[in-house]
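Enquirer: The primary structure of each chain is shown beneath.
There are 2 protein chains.
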Amino acid sequence: MERKKLVEIIFEKKSFLCVGLDSDIDKIPHFLRSEKDPIFSFNKEIIDATIDYAVAYKPNMAFYESLGSKGWASLEKTMDYLKSKSPDIFTIADAKRGDIGNTAEMYAKAFFDNLGFDSVTINPYMGSDSITPFLSRKGKWAIILGITSNKGAEDFQFLDMNQGSGKKLYAEVIDKAMSLGSDENIMFVAGATQANLLVKIREIVPSAFLLVPGVGAQGGSLQEVCRYGMTKDCGLLVNASRSILYASNKNDFSEKARNAAQELQNEMSQILDNK
Amino acid sequence: MERKKLVEIIFEKKSFLCVGLDSDIDKIPHFLRSEKDPIFSFNKEIIDATIDYAVAYKPNMAFYESLGSKGWASLEKTMDYLKSKSPDIFTIADAKRGDIGNTAEMYAKAFFDNLGFDSVTINPYMGSDSITPFLSRKGKWAIILGITSNKGAEDFQFLDMNQGSGKKLYAEVIDKAMSLGSDENIMFVAGATQANLLVKIREIVPSAFLLVPGVGAQGGSLQEVCRYGMTKDCGLLVNASRSILYASNKNDFSEKARNAAQELQNEMSQILDNK
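Chains V and L, in that order, are what the protein sequence lines are.
Start counting the first sequence at 386; every next residue gets the next number (the working numbering).
Start counting the second sequence at 386; every next residue gets the next number (the working numbering).
Since no wrong hints were added, every one of them can be taken at face value.
Identical copies go unnamed one by one, so any copy, or any two together, can satisfy a pair.
Simulated crosslink set (DSBU-like; lysine-lysine; CA at most 30 angstroms straight-line):
no., residue 1, residue 2
1, K523, K412
2, K468, K617
3, K494, K635
4, K536, K523
5, K553, K585
If you're looking for bench data, these hints aren't it; they were derived computationally from the structure.
With the hints as constraints, model all of the structure from the sequences given.
Expert: Written as structure tokens, this is what we have:
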């Protein structure tokens with residue numbers, strides 16, 4: 386999906402909500418576990434319940450890989466279902482991949498060409514040639530880890546680089562990545578638990594889209610994120626996973642998921658109107 | 386597999402060869418492509434041909450994921466086959482994963498508990514809590530990216546940290562990782578295209594095992610790697626992928642793969658004898 390289209394959808398739906406499909410076999414409602422493909426059944430219900438309020442879906446690969454080839458098949462079915470529901474949904478493979486050039490190309494093939502994702506999250510540690518294979522397809526995106534929302538983010542991402550400038554590693558990563566592509570094919574992960582850092586990221590990339598995890602279960606504030614990170618094109622995809630997926634683990638799980646998504650979308654709609 | 390056992394096998398087989406199962410559907414011999422599961426058929430032949438000369442096998446996940454759930458099934462069959470051939474083989478999931486704690490645990494489940502790998506390669510960018518979930522199972526290993534063998538390694542891994550010491554990022558990563566575990570459950574990836582850097586790595590971790598890619602097709606020298614990286618316990622797993630897998634793409638591919646593996650093992654045997 387190209388940037389122009391993504392921005393259109395955001396303003397049409399008045400939402401920049403991304404639903405994280407971190408679908409955990411041990412957390413989905415018990416009664417679904419007797420289904421033939423419990424993870425797909427769960428995803429289908431969640432998608433049906435939330436698609437009016439969301440512009441993006443982001444399955445995290447770990448949850449599917451933990452179930453082996455069957456989990457990967459659930460992912461394939463989920464992607465087919467999403468595409469059949471609407472062409473106007475932005476999809477993110479939360480894979481955090483990164484490998485040498487020819488191998489990175491295999492990952493690009495896996496997620497873009499075969500599964501049909503619009504974007505893949507990329508771990509930048511291995512540098513340029515681990516990123517560029519994800520930048521060569523029109524309308525496809527690399528979403529590069531800048532600042533992550535976990536505690537361990539502090540271990541390396543905030544180390545000062547010896548450039549006489551006190552520049553941090555995450556800033557080096559963002560600078561380097563933007564030299565390889567543009568805000569038409571690169572986004573950044575920017576952890577929302579540190580909303581004031583969005584100011585610093587916006588100094589480096591005033592217009593790139595940011596994928597913001599950590600709102601909801603991880604404690605980030607939507608208002609703060611928007612205050613510091615929003616652009617005239619919105620420029621944000623805000624992810625919520627657990628607060629939607631596991632709003633209830635009973636028969637009413639999809640209704641409760643819908644309510645949780647709608648509540649976030651309401652807040653987003655007001656923020657977009659006030660902007 | 387515990388460290389003691391790994392060292393035993395290395396000295397028994399007089400080999401520290403790891404065969405990288407980067408099995409690419411577009412590169413395997415043409416006549417195999419009509420098989421029901423061409424990748425598994427290829428891997429089986431490669432394993433049979435090389436197992437006398439290798440102590441470890443390392444499938445790179447990208448090649449399996451590029452084929453979707455079928456590729457993942459080929460991987461599952463390959464792991465079952467390896468385990469049926471010999472319990473004395475060290476297995477490495479070259480996955481380069483890294484995610485927040487609860488998600489990293491899902492990856493640990495996928496590779497250790499379900500697929501039965503002894504080790505997983507880990508990308509350290511997200512810090513401690515992306516690493517620790519891989520350290521809690523006895524006999525299982527995290528193999529952390531230190532210095533990679535690609536050109537992009539220079540982009541971030543060699544940036545100076547502002548600690549007044551000119552310490553590089555890769556050294557920070559190695560130090561931090563070793564504070565989380567020990568040389569009984571942590572190894573490091575150390576790219577062989579820069580063999581003199583092994584000296585610097587050995588200053589930080591005198592006894593940890595190093596997984597060395599880049600020998601062969603990527604141009605690294607085995608003699609150099611051993612001069613600078615070998616310890617009294619060997620302390621090295623040297624990977625070769627393309628130079629073995631694609632030594633021939635004709636009917637004699639497995640014979641040629643055997644020859645390539647045997648040649649490397651011969652050289653390794655002499656090095657171990659001279660040590």
